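In terms of my numbering, the sequence shown opens at residue 1 and continues consecutively.
These are calculated hints, taken from the structure and not from any lab test. Some hints could be false.
Claimed, not checked - As a list, the in silico DMTMM-like pairs of lysine to aspartate or glutamate whose alpha-carbon atoms are at most 20 Å apart:
id: 1; residue 1: 215; residue 2: 62
id: 2; residue 1: 91; residue 2: 77
id: 3; residue 1: 215; residue 2: 80
id: 4; residue 1: 92; residue 2: 42
id: 5; residue 1: 92; residue 2: 68
id: 6; residue 1: 91; residue 2: 107
id: 7; residue 1: 215; residue 2: 76
id: 8; residue 1: 92; residue 2: 77
id: 9; residue 1: 91; residue 2: 80
id: 10; residue 1: 215; residue 2: 68
id: 11; residue 1: 92; residue 2: 80
id: 12; residue 1: 92; residue 2: 107
id: 13; residue 1: 91; residue 2: 42
None of the values given here were measured: they were computed from a predicted structure.
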Amino acid sequence: MTRLGDWLADRPFALAMSSGFFSFFAHTGMLGVLTGRGLVPDRVAGSSAGALVGGAWAAGLDARALADRLVALRRDDFWDPAPGAGLLAGKKFDRLLRELLPTTAIDRCRVPVGISVFDIARRTTRVLGEGDLAHAIRASCAVPALFHPVRIGGRAYWDGGILDRPGLAGFAGADRVLFHHIHSRSPWRRTLAIPRRPGMVTLVLDQLPRSGPFKLDAGRRALALAREATRRALAAPIVDGVVRLAAR
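Let's have the full structure, built from the sequences with the hints guiding it.
Spelled out as structure tokens, the structure:
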């Protein structure tokens, strides 16, 4: 059987990262191991947490630098309650992104990037591949009831994971994709089946701590656990298109 590391090293691959609330910690741990081994995607796409990590890396931010910022993250860095269609206005989040991103122009990113967002009026997924990256990431991360909608070009958007939880909508033509799947542990969401498509390998790291705005320490643990699990996953065989192992 082919090992994941060998499959990734064989030819260029795209990387898709799923939504999953504050799973940007786990995505960052995984991506840091890949890029540290020279396994660099030639394009990225994602929804919500996956859009944040993929977009930041595509903009030129090293995965280790992103990890350092996430480890230092405090709730006050993004917590700005205000009246509106959601608890948080998102202005602090916008400022955080603009301080973090080496570029906020999607067309200046080092690899092509697709950010999935949910068009509220049309009730459809849209993939943003141009324009302002900070706005795109904010929109993709705008969890309903937590954040106000984000307006781009006169349209209002919410979290891309509403209809495109895997973050794969930006890869209609990609032939080799590594998909990092975050297992949903939300009590109100049923476990979703792992998507299947030709040429795609899915990495599933089970038993990661569930983090959130009041559980940032759990996010830091998830980042460390995802790093260690990804190192082991690179040596693991691909079975029916999936590499799955526990992160504990």
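Right, here's what the structure says about each hint:
{"no.": "1", "hint": "215 to 62", "result": "25 Å, violated"}
{"no.": "2", "hint": "91 to 77", "result": "10 Å, holds"}
{"no.": "3", "hint": "215 to 80", "result": "17 Å, holds"}
{"no.": "4", "hint": "92 to 42", "result": "31 Å, violated"}
{"no.": "5", "hint": "92 to 68", "result": "19 Å, holds"}
{"no.": "6", "hint": "91 to 107", "result": "23 Å, violated"}
{"no.": "7", "hint": "215 to 76", "result": "13 Å, holds"}
{"no.": "8", "hint": "92 to 77", "result": "7 Å, holds"}
{"no.": "9", "hint": "91 to 80", "result": "7 Å, holds"}
{"no.": "10", "hint": "215 to 68", "result": "17 Å, holds"}
{"no.": "11", "hint": "92 to 80", "result": "7 Å, holds"}
{"no.": "12", "hint": "92 to 107", "result": "24 Å, violated"}
{"no.": "13", "hint": "91 to 42", "result": "31 Å, violated"}
In the structure shown, a violation is registered for the earlier hints numbered 1, 4, 6, 12, 13, in ascending order.
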